[in-house]
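Chains as they are written, first to last, in this note's numbering: chain A, 1 to 223; chain B, 1001 to 1223; chain C, 2001 to 2223; chain D, 3001 to 3223; chain E, 4001 to 4223; chain F, 5001 to 5223; chain G, 6001 to 6223; chain H, 7001 to 7223.
By construction, these hints were calculated from the structure, which means they are not laboratory data.
Take the hints with a grain of salt, since some may be wrong.
Stated by the list, open to error - Dumping the calculated DSS-like pairs for lysine-lysine here, alpha-carbon to alpha-carbon at most 25 Å:
#1 Lys7025/H x Lys5068/F
#2 Lys5036/F x Lys5011/F
#3 Lys3011/D x Lys162/A
#4 Lys5162/F x Lys4074/E
#5 Lys4162/E x Lys5162/F
#6 Lys6025/G x Lys6005/G
What the hints assert, rightly or not - A partial selection of chain C residues facing chain B, derived with a Cβ cut-off under 8 Å:
#7 Phe2016
#8 Pro2017
#9 Ile2020
#10 Asn2141
#11 Lys2162
#12 Ile2188
#13 Asn2189
#14 Gly2194
#15 Val2198
#16 Asn2199
#17 Gly2205
#18 Tyr2208
#19 Ile2209
#20 Ile2213
#21 Ala2217
Note that the Cβ used here is the ideal one computed from N, Cα and C, for glycine as well.
8 protein chains.
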Amino acid sequence: MDFAKLDFDRKNRTGFPEVIFCQGKPDDFLVDIYKKMYDTQGQVLGTRASEHQYELVKTVIPNVCYDKISRILKATSEDVIPQELIGEIAVVTAGTADIPVAEEAAQTAEYFGTKVNRVYDVGVSGIHRLLDNVDTLNGANCVVAVAGMEGALASVVGGLVKVPVIAVPTSVGYGANMGGISALLTMINSCANGISVVNIDNGYGAGYIATQINRLATFHGEN
Amino acid sequence: MDFAKLDFDRKNRTGFPEVIFCQGKPDDFLVDIYKKMYDTQGQVLGTRASEHQYELVKTVIPNVCYDKISRILKATSEDVIPQELIGEIAVVTAGTADIPVAEEAAQTAEYFGTKVNRVYDVGVSGIHRLLDNVDTLNGANCVVAVAGMEGALASVVGGLVKVPVIAVPTSVGYGANMGGISALLTMINSCANGISVVNIDNGYGAGYIATQINRLATFHGEN
Amino acid sequence: MDFAKLDFDRKNRTGFPEVIFCQGKPDDFLVDIYKKMYDTQGQVLGTRASEHQYELVKTVIPNVCYDKISRILKATSEDVIPQELIGEIAVVTAGTADIPVAEEAAQTAEYFGTKVNRVYDVGVSGIHRLLDNVDTLNGANCVVAVAGMEGALASVVGGLVKVPVIAVPTSVGYGANMGGISALLTMINSCANGISVVNIDNGYGAGYIATQINRLATFHGEN
Amino acid sequence: MDFAKLDFDRKNRTGFPEVIFCQGKPDDFLVDIYKKMYDTQGQVLGTRASEHQYELVKTVIPNVCYDKISRILKATSEDVIPQELIGEIAVVTAGTADIPVAEEAAQTAEYFGTKVNRVYDVGVSGIHRLLDNVDTLNGANCVVAVAGMEGALASVVGGLVKVPVIAVPTSVGYGANMGGISALLTMINSCANGISVVNIDNGYGAGYIATQINRLATFHGEN
Amino acid sequence: MDFAKLDFDRKNRTGFPEVIFCQGKPDDFLVDIYKKMYDTQGQVLGTRASEHQYELVKTVIPNVCYDKISRILKATSEDVIPQELIGEIAVVTAGTADIPVAEEAAQTAEYFGTKVNRVYDVGVSGIHRLLDNVDTLNGANCVVAVAGMEGALASVVGGLVKVPVIAVPTSVGYGANMGGISALLTMINSCANGISVVNIDNGYGAGYIATQINRLATFHGEN
Amino acid sequence: MDFAKLDFDRKNRTGFPEVIFCQGKPDDFLVDIYKKMYDTQGQVLGTRASEHQYELVKTVIPNVCYDKISRILKATSEDVIPQELIGEIAVVTAGTADIPVAEEAAQTAEYFGTKVNRVYDVGVSGIHRLLDNVDTLNGANCVVAVAGMEGALASVVGGLVKVPVIAVPTSVGYGANMGGISALLTMINSCANGISVVNIDNGYGAGYIATQINRLATFHGEN
Amino acid sequence: MDFAKLDFDRKNRTGFPEVIFCQGKPDDFLVDIYKKMYDTQGQVLGTRASEHQYELVKTVIPNVCYDKISRILKATSEDVIPQELIGEIAVVTAGTADIPVAEEAAQTAEYFGTKVNRVYDVGVSGIHRLLDNVDTLNGANCVVAVAGMEGALASVVGGLVKVPVIAVPTSVGYGANMGGISALLTMINSCANGISVVNIDNGYGAGYIATQINRLATFHGEN
Amino acid sequence: MDFAKLDFDRKNRTGFPEVIFCQGKPDDFLVDIYKKMYDTQGQVLGTRASEHQYELVKTVIPNVCYDKISRILKATSEDVIPQELIGEIAVVTAGTADIPVAEEAAQTAEYFGTKVNRVYDVGVSGIHRLLDNVDTLNGANCVVAVAGMEGALASVVGGLVKVPVIAVPTSVGYGANMGGISALLTMINSCANGISVVNIDNGYGAGYIATQINRLATFHGEN
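One chain only, chain A, in its complex shape:
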């Protein structure tokens, strides 16, 4: 860990503690970093963790929790006073296969203190499922729209709500979906207003931005 520069001041600067991207981290390094952050901050969140990494971290932080769906690996010390969730965002998916990415977004936002409403499996091929949830969407300060295959969900949501839509293309699909590039292009070219896009499968990034917007809406820009 002599090369890495852990950034414990980050929370002061940006309002967000550092989060660990677990995928590809060497075992020793991952255990060290979880231990150091847990000891210093009392809590750690990691994304894209494997079950193997969960087993490893559990050896040094026995109460660490692993969510198989979202692949989030979270440790919270008993000394940490639970934060009250504020405001409200909505996380929407086209299909059930998009749920892992959606949960990464939702649980990230919750870790950062945002209240989250989940609206899953409401893809545009059965448009009534989405229309049944318009009120929920309109109650949010920000909507995260998660979709793979052709990714059309974001455009329809964008036409239904007043608030910003963060579109997350997923790699769900096959053939000409090109690992999510197709859904990404769909969302970037959306005919609807109010839509901006993050990287393929980047639930974490969407949860982060939704939290930024939710805080601005809740704290009147005073955060």
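Given chain A, put chains B, C, D, E, F, G and H in place with the hints provided.
Below, chains B, C, D, E, F, G and H without anything else, positioned relative to chain A:
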């Protein structure tokens, strides 16, 4: 015209007379071909014609008609007995900029004897516009869905109707639409069932297939 | 299964029961969904199933059948009265390696009540093999043309028949086939009329559309 | 204009009046739409207008204003009471060639009632120019980062501010910039948090989203 | 012309005189090079010439000939003894729009002394047109297959003949043909044996290789 | 094997017996096809075979031979009279990693009766290695140039010889080589004359074409 | 010019004065910037200038010089003492069509004080032309290799010299050269050591880097 | 090893001994080549080696060293007199995940006799980390900038230093990073001067070029 092989037998074989793709045809060649087909068949349809080509053909066939929107250049002799339009298809567009391609599809289908219902400017960013027209769509034997930008229209239509949807991506858009490739990918990756896709801006092709399906539905497969 | 929204009304709305895309479904979820649909509807069809998934489902539905070639996993209760197959479609392949996708198309169509004629291994590099089968193709209400590598089959078929051709590019090939993108582009750019295209390896989608067309032709648009 | 569906109710639904994308609109159509909206709403904003279009609209709305840089064509009746600009966003560019897109964003946001701070020509190849403006950026509720060529600006800005960054790739550049795709990919893959992306050259879209966020921050989520 | 290195020895080394790629050559340079080669060799062939370039060269070589279709600009002095054309190749096209590229191939081969059989407008959407010409193809030492759009012609020809097929993709088409990349991919991925491919619209290159093969076949490898 | 159409007449029609592309063939199918062809023709050649496939075929044809480098799996009955190799081609590689593809080409050509000269590891980064072998290249009726990475070898060879060069891009390389697409583009865009290209790693195809040319050169076009 | 931030201190910081990228600059802006830099520094260099821009600047700086080949627009006051050119670099091109880019590189390097050796039209299809100039290349501190089409030149040069090679892909070519992307990929994937690559047609960038290296070599790293 | 042409003279010609690219080398071949080079030169460097390859080589050269991070496999005989490292270059990374590529560059440069300063984990999302190291960068004769994801680091570094920057895109990232193509495009399109680019993950190539430049700077062009 010594190299070209005009196919006057095509109507017998396939049930469709030959149609001229005007774009890029040398002037002399175009005039010759219109003249020959008009003299033989009494009618000619050309697609992607320019105003210049219209002026040229008018010198030999004075009653030729040019539609600036669809760029269709059509000549019909007075001797031709008007065909009754049969069955019904619907042609739907996302925006007004997609109308030229939609009209190429619609007028092609009409030339081939198909009754066409037009439902234009009902893109998904204002989903109520499309939902207001569901009954019209469900009355058709085939729906042609024409959309540029992100091309999400086809997926939503596919989820609303029982009949086949022919999706036509258009080159409408800018930036990452890559001349229509983005809309094409959207439609190919559609999460909805019953959708198949033709080339970018290929209104003619969609009108042709819609006619094939409409005839099968109308003539009980006896065409 | 609390997030997923099973759509038991779908058959009434679209004329087609829901079908399961097995690939990537978590084990528990897959077993639950097969059980629930089997109990409710008496039959279930799943595509892209693995042998492992077959073993799993067999534990709860002992008479489930798995076809290794098409990877279709189908369960039919004895109480279900066998449906008579109607009309006729043809499914054509370029090579033997395209047969898995073709069988997904054919068996899907059969599950939906369509009579299917198989014409396999008739690729254009030996054009006589295709020409020997022209009569079979012309007896169909719709032709599904399945081909990988350069995908030229669809264009030749399109020139031989009156009915719509649903072209299915496959990922068969290597090098510059780019996982099927090459065959997809070939089919989208076809010089022949009457061809529309579905996603790479999407046999299911082609079988679905062919059934839509076959029903329109058979029921005179009254389905 | 019989096909187009002007959406005068849009302001009630979304809080934003309709805006005209002028590029490619036929002359007659453009003049009609400007006239109708001006008569109904007292003001009209159009983007991507040409000088030729300005001349046309001036014939029916003499006080229409055209900004050559942003290509915005705006008409405001004297009866319209000037709106007070609220909150604050920042619009930042990498180079001078990115200013047209930035001005489209800035003037759009102003039209929608947002106060805008411009920070131009502060690209990362002279990083001190950007660092000199950190306080300005931190005073904003949202930062719009506009950059062509390699588009690195967004990542650096993202690391300097707490608020959401809307990244706008531009088509500025040559060679392997592929008309802005390179800058788009840079921004989508950004290592910094809090960045979401709109289409290439889509200043309008960025100004729209920045306004949504600015309103949420200013009205405490009560807009 | 001080930078350019004209290669008058090339004919000895490779058996082929130098040929001029006219497109993009500055006017002065083009005239100089034609003059110098004409004076030295008695004949010059240029490809991709414009009418403007024809007019220019005619001022110094009055008997220069320009073929508008192939865009070949050829000058032959009266002192040059006409060469007898040897062997036989076939040049085949899918459509009439491919003829300019085919003529570049054919006239190049003829300039290099090869006898050429032209078989044009025999695309695979009307396969009987090609089958009617199988004997002609089988009489050739090499077949040049020229096709745009989906470029399927090469595969069918490859399955019908014993000799090498040089496939030339053309930029003819629109939409997803991507300027000829689609036809190029088709030909590279061909399921037929004996096919190799040159660059898009590279009729010259195909005529050159066909001549190499024709000479080997005619001179028994003694050329 | 009821779907596959083995083509025992192929040798009469094209002068080449059928060859098996082993990769991806199901085990049962592969064994059957080897057995049937061996019994009928006395010899079988397969390409892209795995060691596992070798073990399988050996159970029914004990004297089958497997070459680990080229992955060619060949069986020849003792009753087959060895053919004399005729003419001469050269197979050239840029590096040692390209040798597997080169050997597929060379051994295919030898199976078809062609004499082959191997010139390996003569890539352009050490140009003297290639120049030392110019005489060998010039003695061939056709040169097969095999190269991965940037694939520059083909252009240099093309400038050194009179005979046709069949260029084979390989997937050797990493990063922006895109699985061989980079080398393919290099070869297609070659500035040298006389170069045509086959698919990435398609040694078999190059060996086939080289044999066609070698036969034409050796038999004076009488094959 | 109120938005632009001219950087007169740049020469002190980086050792290089600012250079103007003329292409796309509005007329007024260009004239202003030339005037201001000329008055301040006594000399200005601009790249990618048009003849129209030359005429404009001449109205305010009558002794400005325009080179039609390189499109460089340079103004030098009589008060500027001519700099002695130091060290030596070589600029090499594959063809004559690459010379404009090469001249941009060479004249940029000369403006920055570097002595330049030009070696043009030595592409790899006639390798002897390059080999004849090896001594010149080996006398340079850096070689700039400029090539379009397949761009193989850089690899061969890289294998012949000890010093760094700056490879410049050009957009010269047609068809699958994709505007220079093909040459760029060739150079990035080069099998030779010592090659690094700049953007397509970026002669200026190559001249800049070559000057950096030449100064390090000449001033012993003391610049 | 009969096909490979080991190049023991390379050090005299280019100043660099041959280095082994281990990835994909067959086991026998790798052991042979290490043994032969070790016996001849007393030292061998290999890149992209696996642990398995380390174990293999250790059987014949017991003192061979393997660095798991850089994957460099190096053997140095005790008879080799340690070289003094000369000059100075800097190797900079954006994140910790880029360190393997950076170490390949650094250790390659050290093997070739260059002194290396490492500055790791200073990506642009926390720009202060880079600014804190400007003095180190300015003390180098060349900077190697290693970055994945969006690769913005190179542009910022380019604006801070006088010496050439060798940019190395890495495959670090996910989604639309396309295996490093995104970072490669960023670096090729950089708005900063003095940046040239090598292949994705090509640390070796960057270490090689940095050594060439460092030698020129140190030996005053006399190397």
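Results for each hint:
{"no.": "1", "hint": "Lys7025/H x Lys5068/F", "verdict": "14 Å, holds"}
{"no.": "2", "hint": "Lys5036/F x Lys5011/F", "verdict": "16 Å, holds"}
{"no.": "3", "hint": "Lys3011/D x Lys162/A", "verdict": "10 Å, holds"}
{"no.": "4", "hint": "Lys5162/F x Lys4074/E", "verdict": "24 Å, holds"}
{"no.": "5", "hint": "Lys4162/E x Lys5162/F", "verdict": "23 Å, holds"}
{"no.": "6", "hint": "Lys6025/G x Lys6005/G", "verdict": "15 Å, holds"}
{"no.": "7", "hint": "Phe2016", "verdict": "7 Å, holds"}
{"no.": "8", "hint": "Pro2017", "verdict": "11 Å, violated"}
{"no.": "9", "hint": "Ile2020", "verdict": "13 Å, violated"}
{"no.": "10", "hint": "Asn2141", "verdict": "5 Å, holds"}
{"no.": "11", "hint": "Lys2162", "verdict": "5 Å, holds"}
{"no.": "12", "hint": "Ile2188", "verdict": "5 Å, holds"}
{"no.": "13", "hint": "Asn2189", "verdict": "6 Å, holds"}
{"no.": "14", "hint": "Gly2194", "verdict": "6 Å, holds"}
{"no.": "15", "hint": "Val2198", "verdict": "5 Å, holds"}
{"no.": "16", "hint": "Asn2199", "verdict": "5 Å, holds"}
{"no.": "17", "hint": "Gly2205", "verdict": "7 Å, holds"}
{"no.": "18", "hint": "Tyr2208", "verdict": "5 Å, holds"}
{"no.": "19", "hint": "Ile2209", "verdict": "5 Å, holds"}
{"no.": "20", "hint": "Ile2213", "verdict": "6 Å, holds"}
{"no.": "21", "hint": "Ala2217", "verdict": "4 Å, holds"}
Hints 8 and 9, counting from the list given before, are not met by this structure.
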